[in-house]
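Colleague: One letter stands for each residue in the lines below.
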Amino acid sequence: MSQKSQFTQLKKAWGLDESASLKELLAHAQTKSKADPENPELSFNIAELLRHQDLTKEASQFYKEAIKKTDTKTEVRSNKLDQRVKKQRKSTRSKFLLFTFIPLIIAAVIGLFAWQKLNEPEKLPVDSDPEKFAFTQWLAKQQMSQIMTTLQQQNPELSFDFSSSSANAQTPMEFMQSLMQADAIEKMRRDQQKANNSKNSEGEGRPAFQCSKEPAVMCSASDIPNADGESREEVVLLMEAYNSILDSEKDCQKIEQSIATIGQQLQWRKSERRIKANLEDLAVECFYRENNLEKTIEHARKLQCTGDESYINSVYWYMTAINHRAGDKSAAFSSYQCFQEATNYISQYDFSPAYVASRHRESGALAWLYFDDLSTATNELINGRKLLKSIPEKSDAMLQVISEINLDLMETYVTANIDRDTFIELLEEINSSGLLTDGYKQIKDTLAAIYHMQNNNINEALIPLVNLTSRFNLMPEFICGWDWSGFERGLEESIAKNDIREQAKTLVSAANCYIPQTMQGRIQKINNVSKWLKLR
Amino acid sequence: MKNLISLDSLTDIVSNSVGILIIFAVINLIHDNNKTYQLEIPIEHRTELSPAFFIIKNDSILAMDTDILFSNATLQATRGAATNERLFALDYFDILGKINEDKGVSFYARDTSKWPTFKELGKGNSKLTKTLNTLDAKTQFAFFFVYDSNDGDDQSTSASGFEAFREAREYLKTRRIKTGWRPVNDEAPANICKDHFGKRCDYLPSYLGDVR
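As given, the protein sequences belong to chains B and W, one line each in that order.
Just remember that the working numbering sits 24 ahead of the position in the first sequence, which is counted from 1.
Just remember that the working numbering sits 2 ahead of the position in the second sequence, which is counted from 1.
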């Protein structure tokens, strides 16, 4: 663009006549510049006009001014652009954050809702009749109606009336049971027993135990835990807790009733037979304590029917004891032989040494308590002791069993009035084990006192007597599980002198936890023996 | 200084009967300010007595009917409601149950508004007194799960169930019934499990019931 045309353009743009001179143009530009002092274009035009009038110096000043104003404008524009970019960036970031986190927030809300729903306490149904919830009951009813339909189809002459208006209203289940005669039920029991035994063999890899001295036990269907499925952990824990309550309450009728009710509610699974066995064992022990022969035997058989081999010895222990109490020595002896067979059986398979040794201990106790067989008793105890002593690394359970066996052995040693060295060696081992409870320490000290009394070691006899009285003084309750009957019988022969025997009997009576008496009464008896000894 | 500490005036106070009474009054006041509870030494021991369980929370005492609680828990377990350590309702005074390996069956106490408060103790017609009176000293002892915090209920006398526990213990002691206890809270609630789990499943009496 030429200068001339430029100025022509300017004149047009500013609305001046084409004939206007440069001076007029300059004056107009300067006037405009005053009105718009920040306009770099006006400064440039003024500079150009000045240059064309040969005012170079002034022109140069306006050129610089134009450049300065341009710079200022550029900076302002840059700032604005910068702000705009920043604003845009902020908006983009907000959108990004929003769209990134919205799915996460939604997922968290859904997750929280689901978690709350899952952890919402299960409500107990209003109608809490257990039969309503037992799937097996429902299944049985379905199967029963199917059987009835088939029966009717094949035997059109048969008619069934299950209505409540009928005189002998029966449910389909009751009707089917009534159709089954004794033989049929017997056959069903035998089949179930066989099935149960074969399942045992399959599961544990060993044949089911059968005592040679008695026929196979007949079990009713309800006594055999044979439902399929894995063990329900929560049911096991629940029953273990309930078992401890029943155990402490010692209410035999309640235990019996609970077994029936729980069995109906839970529909015992084969994998849960240990729980059923626990409960039956509790019932056996309870009825045995009550001296109820019939119920003890009934529940001992039910315990057998659970098929849990950990309880075989328990079954025969109680059978031996209860039969002996009832005066049936022959039955007691058969049960004892079964106990021994059971001990041999568990010795062959993968039962723990502590468990096997405990059974030897029980066998010894039975032989001594009920059959006066001191030799078998001692041998069984020594066998149990040897078994555990031969194991290099002993668990706490093993040490506990050893301490109990040692105490039993001590009773046989005192009865047999064994040589002093053997007795002292055993006593030392018992004293150093530190595993006896206070109750059993009382038994130990009573036996030690009697041993020293029968050997006229008066000073040595007085030491355990002092221990006995001081311990009784501190005991809030005297708890032990010690049957003195065998020892008391043995006293007749083991202590020749009448006066010493009488004092020994007094001590036994003081240390018998099954004889209800006050602590002061027990202490008084022991003090009387001490006085008698000191006067000798 | 000599005027301030005068031995004569001190002798006057001590020898004067009114002065002696003042000294006694001051001693009594100090004694009252340092009032302490006479604590009985607990002797926790094995027992042949069976435990009757109670939960104490917010000054209220609830007798746990284990027959109902376990029957309902069994029902829930057969329905699968107790799997995976889930909480389930026991339909017994708003108590929730949970079964897990460590604690056996846990009982979560929540709303105690329907429980009898310990203030009813000793009142002849109160349900709580009747319940405690059914305990047989020869076969039973009372075991209390005592909450050591409350739900912020301002009505309660103390900030825990201990006041109620002490009262109940004293009441039972007069009836020669032994008592045992364990502190519980919402994280470690009352629980019943088999004793082979160890110490935490031991329910032993610690206070003797015999009045000497």
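Worth flagging that the hints you see were computed from the coordinates, not collected in a lab.
As the structure is a computational prediction, the values presented were derived from the model and not from experiment.
Mixed in with the good hints there might be a few duds.
Label pairs and their calculated CB-CB ranges [to be verified]:
1. E46/W / D420/B: 32 to 40 Å
2. G82/W / R495/B: 50 to 58 Å
3. D113/W / T285/B: 50 to 58 Å
4. I126/B / E46/W: 28 to 36 Å
5. N315/B / G124/W: 51 to 59 Å
6. Y373/B / K116/W: 51 to 59 Å
7. T176/W / E501/B: 52 to 60 Å
8. G82/W / G545/B: 31 to 39 Å
9. K116/W / Q140/B: 38 to 46 Å
10. D275/B / G82/W: 27 to 35 Å
11. G82/W / A350/B: 39 to 47 Å
12. Y379/B / E46/W: 58 to 66 Å
Positions of the beta carbon are idealized from the N, C-alpha and C atoms, including for glycine.
Colleague: Against this structure, judge whether each hint is valid.
Modeller: Checked hints:
| no. | hint | in the structure |
| --- | --- | --- |
| 1 | E46/W / D420/B: 32 to 40 Å | violated (21 Å) |
| 2 | G82/W / R495/B: 50 to 58 Å | holds (51 Å) |
| 3 | D113/W / T285/B: 50 to 58 Å | violated (29 Å) |
| 4 | I126/B / E46/W: 28 to 36 Å | violated (59 Å) |
| 5 | N315/B / G124/W: 51 to 59 Å | violated (40 Å) |
| 6 | Y373/B / K116/W: 51 to 59 Å | holds (54 Å) |
| 7 | T176/W / E501/B: 52 to 60 Å | violated (20 Å) |
| 8 | G82/W / G545/B: 31 to 39 Å | violated (55 Å) |
| 9 | K116/W / Q140/B: 38 to 46 Å | violated (25 Å) |
| 10 | D275/B / G82/W: 27 to 35 Å | holds (30 Å) |
| 11 | G82/W / A350/B: 39 to 47 Å | holds (45 Å) |
| 12 | Y379/B / E46/W: 58 to 66 Å | violated (30 Å) |
Violation of the numbered hints given earlier is confined to hints 1, 3, 4, 5, 7, 8, 9 and 12; the remaining hints are satisfied by the structure.
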